[in-house]
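Asks: Chain order of the listed sequences is C and V.
Terminal number for the first sequence in the working numbering: 353, no gaps in between.
Terminal number for the second sequence in the working numbering: 408, no gaps in between.
A couple of the hints might just be wrong.
[As the list claims (entries may be wrong)] Taking lysine-lysine pairs in the DSS-like style, the calculated list, with each CA pair at most 30 Å apart, reads:
#1 C:67 - V:299
#2 V:113 - C:203
#3 C:67 - C:134
#4 C:134 - V:299
#5 C:67 - C:126
#6 C:139 - V:143
#7 C:126 - C:139
#8 V:143 - C:126
#9 C:126 - C:203
#10 C:264 - C:203
[Said to hold, decoys possible] Sample of chain C residues lacking proximity to chain V, with all beta carbon distances greater than 12 Å (derived):
#11 74
#12 97
#13 126
#14 160
#15 178
#16 179
#17 279
#18 288
For the record, the hints were derived by calculation from the structure and aren't laboratory data.
Here the structure is a predicted model, which means the values were calculated and not measured.
Virtual Cβ for every residue (Gly too), placed ideally from N, Cα, C.
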Amino acid sequence: MSADEPLLSVRDLTTSFRTDAGTLTAVDGVDFDVGEAETVCIVGESGSGKTVATESVTRIVKEPPGQVEGEVLFRGQDLLSMPESELRAIRGNNIAHIFQNPQDALNHCFTVGWQIVEAIKVHQNVPDKEARAKAIDLLDEVGIANPSERFEDYPHEFSGGQKQRVMIAMALVGNPDLLIADEPTTALDVTVQAQILKLLNRLQDEYGMGILFVTHDLGVVAEIADRIVVMYSGKVMERGGVYDIFERPAHPYTQALMKCLPGRGDTTTGIGGSLPDPTNPPDGCRFAPRCEHAVQDCQIGDQPEEVDIGDDHAVSCVYYRTGYDSSVVADETMGTGTETDQEGPADD
Amino acid sequence: MATQKPDRFDEVNWDEFSGSNRFNFSVNTIGMLLTSIPWLALGYYNYEFVGPREATFGFVNNGTTLTNLDFIFGFTLLLFFFYLVLPLYQNPRMTRYYWKEFKRNRPAVVSLVWLGIVFAGGLLGPLFIKTPTQDIFAGYQPPVYASIDSAYVSRCLGEVRAGQCYGTWQYPLGTTRGGEGVFKTIIHGMTISMKIAFITTTIVAIIGISFGTVSAYAGGWVDEILMRLVDIVLSFPTLLFFIMILYVYGAGLAMFILVFAAFAWGGMARYVRSKALSVSEEEFVKATRISGASPYRIVRRHIVPNTASSIVTQLTLLIPGFILAEAQLAFLGLGDSSIPSWGQLIAAGRDPIDFAPWIVLAPGFVLFLTILAFNFVGDALLDALNPETEAEAEK
Numbered sequence: 006m007s008a009d010e011p012l013l014s015v016r017d018l019t020t021s022f023r024t025d026a027g028t029l030t031a032v033d034g035v036d037f038d039v040g041e042a043e044t045v046c047i048v049g050e051s052g053s054g055k056t057v058a059t060e061s062v063t064r065i066v067k068e069p070p071g072q073v074e075g076e077v078l079f080r081g082q083d084l085l086s087m088p089e090s091e092l093r094a095i096r097g098n099n100i101a102h103i104f105q106n107p108q109d110a111l112n113h114c115f116t117v118g119w120q121i122v123e124a125i126k127v128h129q130n131v132p133d134k135e136a137r138a139k140a141i142d143l144l145d146e147v148g149i150a151n152p153s154e155r156f157e158d159y160p161h162e163f164s165g166g167q168k169q170r171v172m173i174a175m176a177l178v179g180n181p182d183l184l185i186a187d188e189p190t191t192a193l194d195v196t197v198q199a200q201i202l203k204l205l206n207r208l209q210d211e212y213g214m215g216i217l218f219v220t221h222d223l224g225v226v227a228e229i230a231d232r233i234v235v236m237y238s239g240k241v242m243e244r245g246g247v248y249d250i251f252e253r254p255a256h257p258y259t260q261a262l263m264k265c266l267p268g269r270g271d272t273t274t275g276i277g278g279s280l281p282d283p284t285n286p287p288d289g290c291r292f293a294p295r296c297e298h299a300v301q302d303c304q305i306g307d308q309p310e311e312v313d314i315g316d317d318h319a320v321s322c323v324y325y326r327t328g329y330d331s332s333v334v335a336d337e338t339m340g341t342g343t344e345t346d347q348e349g350p351a352d353d
Numbered sequence: 014m015a016t017q018k019p020d021r022f023d024e025v026n027w028d029e030f031s032g033s034n035r036f037n038f039s040v041n042t043i044g045m046l047l048t049s050i051p052w053l054a055l056g057y058y059n060y061e062f063v064g065p066r067e068a069t070f071g072f073v074n075n076g077t078t079l080t081n082l083d084f085i086f087g088f089t090l091l092l093f094f095f096y097l098v099l100p101l102y103q104n105p106r107m108t109r110y111y112w113k114e115f116k117r118n119r120p121a122v123v124s125l126v127w128l129g130i131v132f133a134g135g136l137l138g139p140l141f142i143k144t145p146t147q148d149i150f151a152g153y154q155p156p157v158y159a160s161i162d163s164a165y166v167s168r169c170l171g172e173v174r175a176g177q178c179y180g181t182w183q184y185p186l187g188t189t190r191g192g193e194g195v196f197k198t199i200i201h202g203m204t205i206s207m208k209i210a211f212i213t214t215t216i217v218a219i220i221g222i223s224f225g226t227v228s229a230y231a232g233g234w235v236d237e238i239l240m241r242l243v244d245i246v247l248s249f250p251t252l253l254f255f256i257m258i259l260y261v262y263g264a265g266l267a268m269f270i271l272v273f274a275a276f277a278w279g280g281m282a283r284y285v286r287s288k289a290l291s292v293s294e295e296e297f298v299k300a301t302r303i304s305g306a307s308p309y310r311i312v313r314r315h316i317v318p319n320t321a322s323s324i325v326t327q328l329t330l331l332i333p334g335f336i337l338a339e340a341q342l343a344f345l346g347l348g349d350s351s352i353p354s355w356g357q358l359i360a361a362g363r364d365p366i367d368f369a370p371w372i373v374l375a376p377g378f379v380l381f382l383t384i385l386a387f388n389f390v391g392d393a394l395l396d397a398l399n400p401e402t403e404a405e406a407e408k
């Protein structure tokens, strides 16, 4: 294993579901990497396949009707070709998940402490007493006051933010190398969101874990991300470092997302139109039907190949191919507000 | 590599993990094993080496005869103790909460007391009260304070006044034609009703819960096959089958319990499946799966506990059906005539009903109260155990 090999390397990940209306391809040939102790955000609007992509990583997508293809290398081992029993030892141990709705993710029949102990015992053969002590430590670690008293409480006695803290504590039981966080702050109000993000940042420093963070909230992305993967309709539109994407979003879709952010640009606007039918996606660029710059080339063939526009920043748009004038779309770049550099991002 | 973790997952010995937790039993399981293994071993010894008419503990010479059914009954009692009563004790906070909810229903509390009496009477009664025996000369004795025309009794044990025979405390509830004490028979009938209740419940619960949860969690063709099997079981003419068995093998109580329990779990399986299906769609099941738990663990630790409230309620409503079925069959003369069950007693009172109504009334009343009590308790349990009512209020 080489030193620069990423912690998680996803190649050509395709997840499809067989439905009555035909085969629905939720994730269509997606590549991304997560390095050690790095935070990668998958961004996109609802229905663009972000959640399915992360659930495909540990193959918890229901099969059938789902089908996961491609390659997911975690520390060099392919998770997709691994038998279920070995995968179970990785889930929750090396790769942990937290979810959007902490109130649903906790079993309301049992005390919070019981559930953390249960999570510990799935992977570690420890005596009850030790598991209990560890659970209390973890509750303390994630910032629950009076952990030994709260241990005996039931989920409904916790607030939303506290439940998410408990979920994070449960995720930490195996000292994970990778934490997959699927919109963990979406169900929480803004002040609690900030606390949870802070907590995740602190834990990342402490545990040195990689985080794969799914969100549609660009404000959250700015808080936490090192790198960003922009997804739309099961395809990657653009990827790059957080500063590159925020300062010079290259893909028209990314630019449109940026325009949706309050406080950026003159007025906040929505993106016209809606996501294409996932059972029958359009030819060419998936975003072409909603893109104001779409030309004929955008509507033929497959999703355009990703073009590297420098600094590990890649974009899947025909305007960045040779022979096109990328400034047509680059002119739309919003900048960060303080940023005055409006030059074309790439010269072909 | 940025992490300092010593145990990288590719260096982990997987065998260590697959073997973990296998011998990490809870107190309940240890208690269950420690008590049930000797008990079942004794049962096997009794079945294999002791003759049908010999006393089980012939070597201590106290004359106790235990049947195979008694051993099964004892086993189910142990199961209930270690997996129902003990957990309630271990979790005092929830027990207090359940009790608070339960006692809001007054009739149910009274019913619970009544069921407690029936249970205690059925369990301890036979230890102190001998099996009722025939005594031709003591036939048709009336209950205490009641009287009967002396013409009906061959020999009045109480005082005779104005041609009326009065009852005595020797037979508080009178006697049957054969001179068997009605009170004694009712006490022994409690044992039989408790056996029916506990053994059928255990069989129905085990088969129903396994079929229901496996079917719901596995899905696909497993679900299809199991549910079609349930359809067959549900449409099976149990009564006709039992009557047929009765003509071939005779109608023992054990046979009754076995046949009726073996064809009664269908509804239970369907019910549990529908509950488990909705539970397994819950986010926390996904969260548990994602945390690496095995399907068995998910079903055992998360799906079954979450359906438990409905299962318990369903079972309490199923038990009276069995007790009633036994009484009905006994009344029709299709029951086990060698046992002192309530149904047998009611059947014995059928002919002399116009002059000795207590033979029908006493067991009939006890039967009625017991059935009613189960229904009340089931109703109150439904309100007390259902976590959804609280969860809804939370939202």
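Asks: For every hint, state whether the structure bears it out.
Replies: These are the hints, each one checked on the structure:
For the given pair, residue 67 of chain C sits about 10 Å from residue 299 of chain V by alpha-carbon distance, which is consistent with the 30 Å threshold. Between residue 113 of chain V and residue 203 of chain C the CA atoms are separated by roughly 42 Å; this puts the pair beyond 30 Å, and the hint is violated. Proximity of residue 67 of chain C to residue 134 of chain C is assessed by CA-CA distance (about 35 Å); at most 30 Å being required, the pair is judged violated. The suggested pairing of residue 134 of chain C with residue 299 of chain V holds, with an alpha-carbon distance near 27 Å, which does not exceed 30 Å.
A hinted pair counts as satisfied when its Cα atoms are at most 30 Å apart, and residue 67 of chain C with residue 126 of chain C qualifies at roughly 24 Å. Restraint check for residue 139 of chain C and residue 143 of chain V: not satisfied, since their Cα atoms lie roughly 57 Å apart, outside the 30 Å limit. For a cut-off of 30 Å, the pair hint linking residue 126 of chain C to residue 139 of chain C stands: about 11 Å separates their Cα positions. About 52 Å separates the Cα atoms of residue 143 of chain V and residue 126 of chain C, which puts this hinted pair outside 30 Å; it is violated.
Simply put, residue 126 of chain C and residue 203 of chain C have alpha-carbon atoms about 28 Å apart, close enough for the 30 Å limit, and the pair holds. Restraint check for residue 264 of chain C and residue 203 of chain C: the C-alpha separation of about 26 Å stays at or below 30 Å, so the hint holds. A cut-off of 12 Å between C-beta atoms confirms that residue 74 of chain C is not in contact with chain V; the least separation is 20 Å. At the 12 Å boundary, the C-beta of residue 97 of chain C falls inside the reach of chain V, the nearest C-beta of that chain being 3 Å off.
Against chain V, the non-interface label of residue 126 of chain C is violated: not every CB pair exceeds 12 Å, the least being about 6 Å. Residue-level check failed: residue 160 of chain C sits 9 Å from the nearest beta carbon of chain V, not beyond 12 Å. A beta-carbon of chain V is positioned within 12 Å of the beta-carbon of residue 178 of chain C; the least distance is around 8 Å. Non-interface status of residue 179 of chain C relative to chain V is broken: a Cβ of that chain comes within 12 Å, the nearest being about 8 Å off.
Even its closest Cβ contact with chain V, about 26 Å, leaves residue 279 of chain C beyond 12 Å, as expected for a residue assigned away from the interface. Under the 12 Å C-beta cut-off, the non-interface status given to residue 288 of chain C relative to chain V holds; the minimum distance is some 35 Å.
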